[in-house]
Amino acid sequence: MLAPMTRLWRWILVVAAVALAAFLLLPYFRPSTSAGPGTLIGAPLPELPLVNERGAPYSLASERGHILVVNLWASWCPPCRAEMPDLERVARREAARGVRVIGIDQGESGAVASAFARSLGITYRIVVDPTQRYGRAFGAFGLPTTAIVDRRGYVVRAFDGPLTYPQIVRALAPLMESK
Amino acid sequence: MKIGVLFCIAVFAAVLAELAFPTAAFVHATWWILLLAAIVLLGSIRILRSLRRLPRRRSRAAALLALAALLVAGAAGFSNSLFAPDPRTIVAVPGARVSLPELGATLVFPDLDRVGGRVVVARGGSTESVSCRHGLYVAATLLRCRERTVVAVSAETLAGVHLTVTQPTGSTFLSPVLLMQHTQEIAGFDLPFDSFAVPAVHRVVKVVLFTAAQAQLLRGGSAHRTVLFAVDDSLGRTLRDSLGLVANGERKRVADLLLQPRIHRYPAIEVLAVPSLPALGLALLAALAALGFWLFGSRAGDPSAQVR
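Protein sequences appear in the order of chains V and D.
Under this note's numbering, think of the first position of the first sequence as 1, with each following residue one higher.
Under this note's numbering, think of the first position of the second sequence as 180, with each following residue one higher.
Here chain D stands alone, though its shape is the one from the complex (with noise of 0.2 Å):
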């Protein structure tokens, strides 16, 4: 019983290494699956045997919880293991809602404007944040914040008028906020790139991210964060001075556009597969319930050992 008590341990274990770290390579690894369907094996075997062997009734309680418990967290752990999905980011622009069906919830991503904004996660009646301190464990999944590097762009006319800025290519149609997810080599450096439309005044705008460093080598003067427009039209003609290095939070022309760039740091979602919580609490509490019957049955208040 006490070997079968230390399989049960070793299955926990192996469980919440797999809740502590969902994103490392063992967690979905083929030694770590056949590990764990080793030790459930081997240890309900070991229970089952010694279940035979045990006298009274509550050691037998004890033992067939303890079996319990280590097939149910085997199973949560085994399962997550084998059938997890990959881990995903959601990336999603300002007061984006984004809905995750396997968790029957919806993510409402936070204003721009917001000084530390969390994402909030909204299910059923009830809401719940995630910050990009603490994750928020839902079911068998855990979502974690993760924060990048955003741009809000705004575009005019060169007389000052306000023009829309779409992403034809981009997750949100209408959103003037870059999520700058791809990237584009420039000098050696691998940059984050977008890009935007001005349906308007027929334009098209790539745009790619210099960090303060890189911008300082380009530039040889100016330690901002800059932001490099390459204004086209729409048939992807080159214009003149459609080249423009802007600093954050300047405007200026390039080409026919007045253009602003504002730099920001905005959470992203990743949503990660970890075992069953519900599964787990249970396997826990058949555990504890175990141990209660293993550590607490007295042999006087046992009906079977009394009359043995």
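This is chain V alone, in the form it adopts within the complex (with noise of 0.2 Å):
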């Protein structure tokens, strides 16, 4: 009796060891930190102050039940500018299914922004970041910076550089099958 307990207990001791062994090595051996806009998905929208075009205060809550397409863009910045037209796009063609298109200006002035905006024949909503808040908190590593937010407010996609109409349509796809 006394024989197959003593290796049962050998057994126990070796897995109880190893298993100790890994819980406390495990930990010095995983990646160390990641940054950018992926670390927004899965937490909530950051609401931070923005002005629209004539300074006025607006808030991105105000767009809660709606699917988001948030982009950080700039009038100096190129690739947000070829991508506006795709992005103007997804706003027209995809309204009806409940996508709103917010672009967040980052820096400039409201004037500027919206006279560029209106350049390029822009209708979708064009929002202000005078302190540039939203890339802070987007993590961004350039500008555009594009985040697909669901209709509780959530981060679901988040994006590095311009992005094309299908490459959106396709990130939005799921939300909008999910009411």
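The set of hints was computed from the structure by calculation and includes no laboratory data.
Just so you know, these numbers come straight off a predicted model, no measurement behind them.
Yeah, the Cβ is synthetic: ideal placement off N, Cα and C, and Gly gets one too.
Keep in mind that a hint or two might mislead.
Derived Cβ-Cβ restraints for the label pairs, each shown as a range [stated by the list, open to error]:
#1 336(D) / 79(V): 20 to 26 Å
#2 363(D) / 14(V): 53 to 59 Å
#3 152(V) / 340(D): 54 to 60 Å
#4 51(V) / 419(D): 32 to 38 Å
#5 292(D) / 16(V): 50 to 56 Å
#6 208(D) / 177(V): 58 to 64 Å
#7 364(D) / 62(V): 22 to 28 Å
#8 42(V) / 340(D): 36 to 42 Å
#9 460(D) / 14(V): 57 to 63 Å
#10 96(V) / 430(D): 17 to 23 Å
#11 308(D) / 15(V): 48 to 54 Å
#12 79(V) / 196(D): 51 to 57 Å
#13 16(V) / 470(D): 19 to 25 Å
#14 328(D) / 164(V): 38 to 44 Å
Restricting the straight-line Cα-Cα distance to at most 25 Å, the calculated cross-link-like pairs of lysine to any residue (SDA-like) are [claimed, not checked]:
#15 431(D) / 444(D)
#16 385(D) / 142(V)
#17 385(D) / 75(V)
#18 431(D) / 396(D)
#19 385(D) / 93(V)
#20 385(D) / 366(D)
#21 385(D) / 417(D)
#22 431(D) / 397(D)
#23 431(D) / 473(D)
#24 385(D) / 341(D)
#25 385(D) / 430(D)
#26 181(D) / 261(D)
#27 385(D) / 460(D)
#28 431(D) / 328(D)
#29 385(D) / 81(V)
#30 431(D) / 141(V)
#31 431(D) / 111(V)
#32 431(D) / 110(V)
#33 181(D) / 385(D)
Reassemble the complex: the two chains are provided individually, in unrelated frames, and hints are given to aid placement.
Here's what the structure looks like:
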């Protein structure tokens, strides 16, 4: 009776020692930090002070209940300019399915941002983030940076660099299917 | 057995020292690792030897629990000494979110305007904050706050049109908050240095920070913290009137820009490896149970003792 118990205990001890070693050492071999817009995924979209083109306060909370395409841009940024017609297409074609496109200009004045948007025939909402807080909160590596936000206000996808119409629609598809 | 208990106490003391002084040089020194290993080894041998001589079941249980406590605490301290990564400091701009996969946590840095803002640690559904007074232990890591000086800059055209500030070489591209992580030697001083770009007007601006005392020496008057701006075009060519000393909060023309610096103290987070807290908790429980068995184990209640 004693011999099988001893063997069992030996195995238990070996397994316990291996488990303890794995538990103690595993944290030291995991990757270190990561940053960038991807860290926003799964988190609520930050609600930071914004102003419209006339300088009046504007909050993204007023768009709650819609699927949002939040695009950080600036007039001096050539890839942003290239992407804006595709965003306009999304805004026009998908509005009926509850999609809203919001362009958040980073650090420029409302007059500059709205004049630039008008020159490109942009009709979606343009607002200004004068102190670039969204740029910081998004951990943007560059411009443009885009986040897709669900109807509850949570970020579900985030992208660095310009997107095309098919890419945006593909990212929106799961949200438009689930109402 | 008593000597075994002393070894056990020695291991706990050593591991608690690692916990209390995570940045001390001894934690990762070879002599410390060897000392810890020797204490665990000798203590284990001592307890195992005494095990054979213990007559009562409760005493044997106490010895086994003490051995478990010694091994678990020793392993926690040993793995921390031998494998723990070097301390690192996470310096981020206000509002930034930095993920720490090894902790399954995300650090959310506070807004610059918030006085005494704390960095929030979001883990799963819960959030805790790290202030500069109290660190936060998470599993095998201590998160500690350290305040640094940062400079928030604002750039405008001479007509007062606000311009985007970017940091092509910084950690966060779209931030007007300069983290001043580099140093530049000027007039014998090692001074915090950073740079930013104003892409709309093709300008690159170098920024050097002076304390009030240094500024007074340089300017012979003003006793405010001061920033030196040096404006170049995007090809690196120096412009006319391209150097400007600007006091904290002042708005001044430098080359063809209106620049305003605001100097702030802002938290950075030190990530320090410590012995695993869950493992230490387990070891402590085993040690307390051993103590209980040892102190309160009565001969009358012990069937093996009654047989004898």
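Evaluation of the provided hints:
1. 336(D) / 79(V): 20 to 26 Å: 23 Å Cβ-Cβ, so the 20 to 26 Å window holds.
2. 363(D) / 14(V): 53 to 59 Å: holds, 58 Å
3. 152(V) / 340(D): 54 to 60 Å: Given range 54 to 60 Å: violated, Cβ gap about 37 Å.
4. 51(V) / 419(D): 32 to 38 Å: holds, 34 Å
5. 292(D) / 16(V): 50 to 56 Å: holds, 52 Å
6. 208(D) / 177(V): 58 to 64 Å: Cβ of residue 208(D) to Cβ of residue 177(V): about 59 Å, so the range 58 to 64 Å holds.
7. 364(D) / 62(V): 22 to 28 Å: violated, 51 Å
8. 42(V) / 340(D): 36 to 42 Å: holds, 38 Å
9. 460(D) / 14(V): 57 to 63 Å: violated, 23 Å
10. 96(V) / 430(D): 17 to 23 Å: Cβ of residue 96(V) to Cβ of residue 430(D): about 47 Å, so the range 17 to 23 Å is violated.
11. 308(D) / 15(V): 48 to 54 Å: violated, 38 Å
12. 79(V) / 196(D): 51 to 57 Å: The hint (51 to 57 Å, Cβ to Cβ) holds, given that residue 79(V) and residue 196(D) are roughly 54 Å apart.
13. 16(V) / 470(D): 19 to 25 Å: Given range 19 to 25 Å: holds, Cβ gap about 21 Å.
14. 328(D) / 164(V): 38 to 44 Å: holds, 43 Å
15. 431(D) / 444(D): holds, 22 Å
16. 385(D) / 142(V): Between residue 385(D) and residue 142(V) the Cα gap is close to 20 Å, so the pair holds against 25 Å.
17. 385(D) / 75(V): holds, 23 Å
18. 431(D) / 396(D): The given pair, whose Cα atoms are some 21 Å apart, holds under the 25 Å limit.
19. 385(D) / 93(V): Given pair residue 385(D), residue 93(V) is violated - Cα atoms ~45 Å apart, limit 25 Å.
20. 385(D) / 366(D): Since the Cα atoms of residue 385(D) and residue 366(D) sit roughly 17 Å apart, the hinted pair holds (cutoff 25 Å).
21. 385(D) / 417(D): holds, 11 Å
22. 431(D) / 397(D): Holds, at about 18 Å.
23. 431(D) / 473(D): Distance ~76 Å between residue 431(D) and residue 473(D) Cα, so the pair is violated.
24. 385(D) / 341(D): holds, 19 Å
25. 385(D) / 430(D): Holds, because 16 Å separates the two Cα atoms, which is no more than 25 Å.
26. 181(D) / 261(D): violated, 29 Å
27. 385(D) / 460(D): violated, 51 Å
28. 431(D) / 328(D): holds, 21 Å
29. 385(D) / 81(V): violated, 28 Å
30. 431(D) / 141(V): With a Cα-Cα distance of about 29 Å, the restraint between residue 431(D) and residue 141(V) is violated, given a limit of 25 Å.
31. 431(D) / 111(V): It holds: about 23 Å lies between the C-alpha atoms, which stays within 25 Å.
32. 431(D) / 110(V): The hint holds at about 23 Å.
33. 181(D) / 385(D): violated, 67 Å
Hints 3, 7, 9, 10, 11, 19, 23, 26, 27, 29, 30, 33, counting from the list given before, are not met by this structure.
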